[in-house]
Amino acid sequence: MEKIKHLFGRAGFGLAPAEWPTLKEQTLAAAVDELFSKVGQTASPLILPEIVSEEGVKMLSEEEKQAARKLNQERLWAVNADWVRRMASSENPLLERMTLFWHGHFACKSNTGRMAVQQLNVLRQHALGSFRELLLGIARDPSMIRYLNNQQNKKEQPNENFARELMELFTIGRGHYSENDIKEAARAFTGWSSNLQGEYVFRSRQHDDGRKTFMGKTGAFNGTDIIDILLEQKQTAAFIVRRIYRYFVNEKVDEDIVADLSRRFYESDYHIGQLMRYIFESDWFYAPANLGVKIKSPVELLAGMIRSMDMQFPQNHSILFLERALGQVLFNPPNVAGWPGSRTWIDNSTLMLRLNLAGLFFKVADIAFDLKEEPETTKLAMNQLDVSVNLASFYQLCQGKSQLEQFDLLAEVLLQKSPVFLKELAQKNQRLSGDDFIKLSVMQLCSLPEFQMC
Amino acid sequence: MNRRNFLKNSALASSSLLVPTFLHALPGGKGSRTEKILVVIQLSGGNDGLNTLIPFRNDLYYQNRPRLAVPAMEVLDLNGELGLNPAMASIRHLYDQGEMCLINSVGYPNPDRSHFRSMDIWQSGSGSSEYWSSGWLGRYLDSDCLACEKPYHLLEFSDQLSMAVKGEQRNGFAMSDPKKMKRSVDNPFLTSLSQRQHEADHDDHVAYLYKVLIDTQYSAQYLLDQSKVYASSVSYPNTPFGRDLKQMAELITADSDIKVYYVSLGGFDTHANQRGRQDRLLQQYAEGLSAFVQDLKKNNLFQDTLILTFSEFGRRVQQNASGGTDHGTANNVFLMGGSLKKAGSYNTAPDLMTLDNGDLLYQVDFRQVYATILEKWLNADASLILRGEFAPMSWV
Chain C
1340 MEKIKHLFGR AGFGLAPAEW PTLKEQTLAA AVDELFSKVG QTASPLILPE IVSEEGVKML
1400 SEEEKQAARK LNQERLWAVN ADWVRRMASS ENPLLERMTL FWHGHFACKS NTGRMAVQQL
1460 NVLRQHALGS FRELLLGIAR DPSMIRYLNN QQNKKEQPNE NFARELMELF TIGRGHYSEN
1520 DIKEAARAFT GWSSNLQGEY VFRSRQHDDG RKTFMGKTGA FNGTDIIDIL LEQKQTAAFI
1580 VRRIYRYFVN EKVDEDIVAD LSRRFYESDY HIGQLMRYIF ESDWFYAPAN LGVKIKSPVE
1640 LLAGMIRSMD MQFPQNHSIL FLERALGQVL FNPPNVAGWP GSRTWIDNST LMLRLNLAGL
1700 FFKVADIAFD LKEEPETTKL AMNQLDVSVN LASFYQLCQG KSQLEQFDLL AEVLLQKSPV
1760 FLKELAQKNQ RLSGDDFIKL SVMQLCSLPE FQMC
Chain U
-13 MNRRNFLKNS ALASSSLLVP TFLHALPGGK GSRTEKILVV IQLSGGNDGL NTLIPFRNDL
47 YYQNRPRLAV PAMEVLDLNG ELGLNPAMAS IRHLYDQGEM CLINSVGYPN PDRSHFRSMD
107 IWQSGSGSSE YWSSGWLGRY LDSDCLACEK PYHLLEFSDQ LSMAVKGEQR NGFAMSDPKK
167 MKRSVDNPFL TSLSQRQHEA DHDDHVAYLY KVLIDTQYSA QYLLDQSKVY ASSVSYPNTP
227 FGRDLKQMAE LITADSDIKV YYVSLGGFDT HANQRGRQDR LLQQYAEGLS AFVQDLKKNN
287 LFQDTLILTF SEFGRRVQQN ASGGTDHGTA NNVFLMGGSL KKAGSYNTAP DLMTLDNGDL
347 LYQVDFRQVY ATILEKWLNA DASLILRGEF APMSWV
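Protein chains in written order, with the numbering used here: chain C, 1340 to 1793; chain U, -13 to 382.
No lab work stands behind these hints: they were computed from the structure. One should not assume that every hint holds.
[Stated by the list, open to error] Estimated spans, in silico, between C-beta atoms of each pair: (1) K1556(C) - A307(U): 47 to 55 Å; (2) S1607(C) - Q181(U): 30 to 38 Å; (3) V1592(C) - A217(U): 50 to 58 Å; (4) T177(U) - E1712(C): 26 to 34 Å; (5) G374(U) - S1681(C): 23 to 31 Å; (6) S1727(C) - Q207(U): 28 to 36 Å; (7) A1406(C) - S100(U): 15 to 23 Å; (8) N1722(C) - A217(U): 24 to 32 Å; (9) P1653(C) - D290(U): 34 to 42 Å; (10) Q207(U) - M1340(C): 39 to 47 Å; (11) T340(U) - A1707(C): 44 to 52 Å; (12) E67(U) - T1563(C): 56 to 64 Å; (13) R1550(C) - G374(U): 47 to 55 Å; (14) E1495(C) - N96(U): 15 to 23 Å.
Source: prediction; values computed, not measured. Yeah, the Cβ is synthetic: ideal placement off N, Cα and C, and Gly gets one too.
Model the full assembly from the supplied sequences, consistent with the hints where possible.
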């Protein structure tokens, strides 16, 4: 039971009370099967928002530019908020969780809603498929091309930014390539560009087709060749597996397990789905040392709360407000290295907000929170927070049970690990009756530091 | 269930069970200040330095900014070459009294013109091709400075903590108002949690969350108490920035155990109609500071205080078509304090002739400014904190 909870906490966004009675009776193998049942079906691409032409933007007045910026921002917010809602309600939570992982790995700021969706479609299509295809997709992704200045990477004047991050952050890791490898790889990616409509284009006149020497090999390499040479290096499998292990299993790495996983990943030709399935089917994944030891990221926390408490955010900006206040705005990572995660999510301000979040959603917390003013960003205020909670499925779950049983059941759904004083909390709440008892208990359980963990 | 009932019902009798020592609040007793204080003021959005500290004898300034230049007649002449924007008249006397040092053309190699990225670089103290997730003042806390284990030792006036004050091990403390802060921690349920028994494991993230919770509760109480010690009678501008500075002066005067104060003033991204907007902001800045300095001087504290003002970048030399300026590079940095070793203009005015694609070239690396503050004012190991060697300067 604890194991199934762990599986859904890590491979998805936690549990909804309605699914718990069935899930907890399942075998672990059946639960893994169900999680993977939709893998292999092509993820249906999300619909692209319209193009906002960048042509002639320079001709606009400052007021017109601001109006265009605002419209664009609203579209980007819609893509962002819809993704959070999808994480919370998806029939295929593994796909969303894996996509979120890759978004952090290929950290990239998107400038328009359309470009954000384009990138999201690449991540979704290959999230559990071939890492090679994923890399090729990202190397041709207009958002990434712009973020890492590859549209300025031309034969006469190479820009090394993409080549550098491809090696340092996306594939093989620091210490396994030379400065010369970066220079040569940058030449191979010259001409991989994007047009004004935000589409990928290969500009052959800007491409350098000369011979390059990269990682000991020589040839007239293009970007695809560079990626293939990187994938030939076992270190690339090791680097990716370590990232995956730290995200899905434990920040403290078990070197033997990672070595074994790396070998398997390499031998499977970098098949992500197979690797993930192997991890979730391994006994060590469910070892006590791996349970409830990860701090949820702000988006994971939000998606989980929306899922379990059937929450509605009619306004996109409410979700954006919370992402900003808690410190994780999708499509806007702090830099190309992504969100550092773990304890960096926590400071006095974010922790108090996290612990007061349930109270805020139940409209009982007495907190006010002003976001920092940011240039080029519309101001968002807490008093515009528009949210509703629906506990019907919790009431349903608790029907016909004693209060102490109810409390245990609620803790079971909401917490991976309970504090030692859990029993006392239940007793204190017993002065309330019926739904009030359940409501207060849910709110308290969500206000525990333990609730921040998965 | 209404709010009152919720609070009543969730209030738990404080059962004082065994609490592992590492979860106890910080050592009690009234902490008090040791030695020097640093105040950092961040002007967000990219303040136009050329219209702040104006090279009013330079024809190129007027040629590049026919609509935007401040007429030489109006400029507050400081040294015959540079002068302050007239909106800053209220702090001109600090210059005359040798309590202001101006450093021109501060920047870094390969400057980035994005607000977010350049602010990250200034706050973390990294180079433009490095990505760090901690700030220079946060790493000062990490370096085990005296009393650094207290989170409020580095206090930011905001509900959100800036990267500048986040370390690898320790963080500064965010608070916009002590009463508001206290309300957010006075949730009886959360209060009860800190008094309960926990499984003690130092490495555990859960234990860390409890520790931050308890530190926050303790710090909120400390800051509220300290905010009541001294009520300033100086009149500050009635703006958020003015209120922040007033609270700051009150905490300093109360001899609080706070070493570094961090505060921001935003709105400097003046792409259009810059003159009026920037002047209003500079006036807020100057009038706030003028009151603050007056307050500190009254209590004989200005000689223990150093105030650094910076922005993520300056703006382009040439005005744009909308009566504003676009994102630029190097900028001036202001230092104020009662015990500067070198006051006045530290280096020559920016060179408006030799530009990089229309932008100023930097002369002083911003990390030299940080190194000077860390080594000479905070008595810390600058090369450790900045992860490299940057030659300190001689203004303190």
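Now for the hints, and whether the structure bears them out:
1. The hinted window of 47 to 55 Å between K1556(C) and A307(U) holds, with their beta carbons roughly 51 Å apart.
2. For S1607(C) paired with Q181(U), a C-beta distance near 52 Å fails the hint of 30 to 38 Å.
3. Distance hint check for V1592(C) and A217(U): the Cβ-Cβ separation is about 54 Å, which falls inside the suggested range of 50 to 58 Å.
4. For the hinted restraint 26 to 34 Å between T177(U) and E1712(C), the CB-CB distance of approximately 32 Å keeps it satisfied.
5. Between G374(U) and S1681(C) the beta carbons are some 26 Å apart, a value that agrees with the proposed interval 23 to 31 Å.
6. Separation of S1727(C) from Q207(U) is about 34 Å and conforms to the stated range, judged on CB atoms against 28 to 36 Å.
7. Between A1406(C) and S100(U), the C-beta spacing of about 22 Å keeps the proposed range 15 to 23 Å intact.
8. For the pair N1722(C) and A217(U), the beta carbons lie near 30 Å from each other, so the given range of 24 to 32 Å is met.
9. Roughly 52 Å separates the CB atoms of P1653(C) and D290(U), a value that falls outside the hinted 34 to 42 Å.
10. Remark: the range hint 39 to 47 Å for Q207(U) to M1340(C) is upheld by a beta-carbon distance near 41 Å.
11. For T340(U) and A1707(C), the hinted distance range of 44 to 52 Å is satisfied, since their beta carbons lie about 50 Å from each other.
12. E67(U) and T1563(C) have their C-beta atoms about 58 Å apart, which keeps the hinted 56 to 64 Å range intact.
13. Separation of R1550(C) from G374(U) is about 37 Å and departs from the stated range, judged on CB atoms against 47 to 55 Å.
14. E1495(C) and N96(U) have their C-beta atoms about 20 Å apart, which keeps the hinted 15 to 23 Å range intact.
Of the numbered hints stated above, those contradicted by the structure are hints 2, 9 and 13, listed in ascending order.
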